[in-house]
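Asker: Build out the structure end to end from the sequences listed, making use of the hints.
Chains as they are written, first to last, in our numbering: chain P, 3 to 248; chain G, 3 to 246.
Calculated from the structure, these hints are not laboratory results.
Heads up, some of the hints might be wrong.
Stated by the list, open to error - Within a straight-line C-alpha distance of at most 25 Å, the following computed DMTMM-like cross-link-like pairs (lysine to aspartate or glutamate) qualify:
1. G:K113 x P:D23
2. G:K108 x P:D23
3. P:K94 x P:E37
4. G:K27 x P:D200
5. G:K113 x P:E37
6. G:K113 x P:D14
7. G:K108 x P:E224
8. P:K173 x G:E100
9. G:K113 x P:D17
10. P:K113 x P:D40
11. G:K27 x P:D123
12. G:K27 x P:D210
13. G:K113 x P:D40
14. G:K113 x P:E224
15. G:K113 x P:D97
16. G:K217 x P:D158
One letter stands for each residue in the lines below.
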Amino acid sequence: MDLTLKIWRQVDAKDKGKMVDYKVTEISGSMSFLEMMDVLNEQLVNAGDEPVAFDHDCREGICGMCSMYINGEAHGPDRGVTTCQLHMRMFKDGDTITIEPWRAAAFPVIKDLVVNRSAFDRIQHAGGYISVNTSGNTQDANATLISKKAADTAMDAATCIGCGACVATCKNSSAMLFVGAKVSQYALLPQGQVEAADRVRNMVAQMDLEGFGNCTNTGACEVECPKGISLDNIARMNRELMKASI
Amino acid sequence: MLDDLFRRIFVVTILTSYTMSGFFKSSIGRKVAMALSAFFLMFFLLQHLSINILSVLSPETFNEVSHFMGTNPLVQFVLQPILIFAVVFHFVMGFVLELRNSRARKVAYAKNNGAANSSWMSRNMIWSGMTILAFIGLHFVDFWFPEMNTKFIQQDWSGTMEGVEGLRYHHELVEKFVNPVRVGAYAFAFVLLGLHLAHGFTSAFQSMGGTAGRKKILQTIGKAYSILIPLGFITIAVYHYFNH
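Answerer: Following this line, the structure appears as structure tokens:
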């Protein structure tokens with residue numbers, strides 16, 4: 003298929019940036035979206051132009067690196083996928099595709115479609131862990147009894163890959179689905195109880211400090227999340243913070 | 003013994019208010035504050051509609067209840083200030099949050115497909131809210147300001163007026179709905195209120211951390227509430243327009 007691409011080009015963090023039109027031809031429906039981007043970049047390099055910078059790593063939907071706001075949706079029009087898992091068969095011959103970086107004050111653009119998501123790392127550092135001695139005398143994992151339901155729900159929360167689609171999608175650029183998932187994965191397990199109050203207080207404080215917006219419960223994040231992280235995690239985080247504050 | 007108890011209560015109160023003040027400064031605390039004021043306002047709507055229904059069923063009872071609400075010191079000097087505070091707080095906080103959220107995304111998307119992942123109501127709470135605010139302005143001019151003038155400036159707490167037999171409230175209500183433009187404006191505002199509630203009802207529970215595992219039933223109640231409450235108010239206005 004032949005496509006017109008409208009892509010955000012920005013030389014560096016200080017550059018104002020603009021949308022630039024490109025044409026790509028003979029794109030197969032079996033290609034992933036990133037492979038289509040590779041074709042475009044090969045074309046640009048051969049013509050002596052600067053290739054489009056975009057984040058990617060594993061290309062199998064697990065690392066959370068690939069971003070891109072495609073035709074007005076995080077990771078494009080498909081559900082439960084990252085951009086590397088998005089197939090070109092989702093588009094039609096002759097389509098115009100708009101490709102932009104994640105837009106949030108807390109995710110500044112580094113170059114073209116690459117944004118700085120270090121804010122998520124700093125939120126994790128503020129409390130997204132449990133303090134366990136790992137040098138010698140490591141306890142057997144099965145020694146602590148955990149109900150199947152709690153283990154499953156915690157695991158569901160832990161499948162968050164920190165891609166930032168929730169922030170990009172949210173009309174308020176809120177990071178509450180991400181922080182809710184990271185708080186929940188520990189709040190549901192006995193190992194997470196010891197630092198539970200400090201964890202939620204510190205992570206929420208860091209989230210606010212980073213300049214993310216306030217959640218207004220539109221639910222867009224849950225729909226666009228490639229891992230299907232549930233809004234229940236935000237409700238649980240709200241409960242955890244209330245519990246920690248009273 | 004008693005001293006010790008009072009000291010303990012004092013310390014706990016100070017500590018709790020200190021930690022809670024920090025809580026309400028956080029983004030989640032603000033959500034909870036919005037939800038708490040929303041719960042109060044939703045309860046008020048239910049109470050207001052219940053009284054309005056009486057204006058159709060029994061004008062005499064409507065007059066008596068209105069007179070009680072308008073003259074009872076607990077309602078006038080405790081509940082009314084709380085209601086005014088809740089309304090002002092809900093609106094001011096709504097604007098503050100909107101402003102903060104707009105700062106969280108400085109560059110807008112060239113193409114954004116919000117309809118693909120969220121409802122119109124959830125994305126436009128500020129607009130439905132502003133319509134409701136305009137309606138409250140009209141409602142205050144129609145009812146609240148004249149009522150305050152009669153009671154607090156003219157010092158007339160009798161609930162009567164010249165040319166009207168018995169209590170005046172039903173007469174005043176019906177008089178307002180003679181004008182079709184006003185009935186239309188009321189109906190439009192209540193449709194927007196319905197859309198506001200369609201998102202706001204479940205959203206308030208979610209903010210309080212309550213929806214986990216109970217989504218379906220809350221969504222059903224929310225849907226019923228957001229349709230029935232505005233429909234009730236509109237039906238009453240239309241009824242009085244055709245029966246004045």
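Asker: Taking the earlier hints as the rules, which of them does this structure contradict?
Answerer: none
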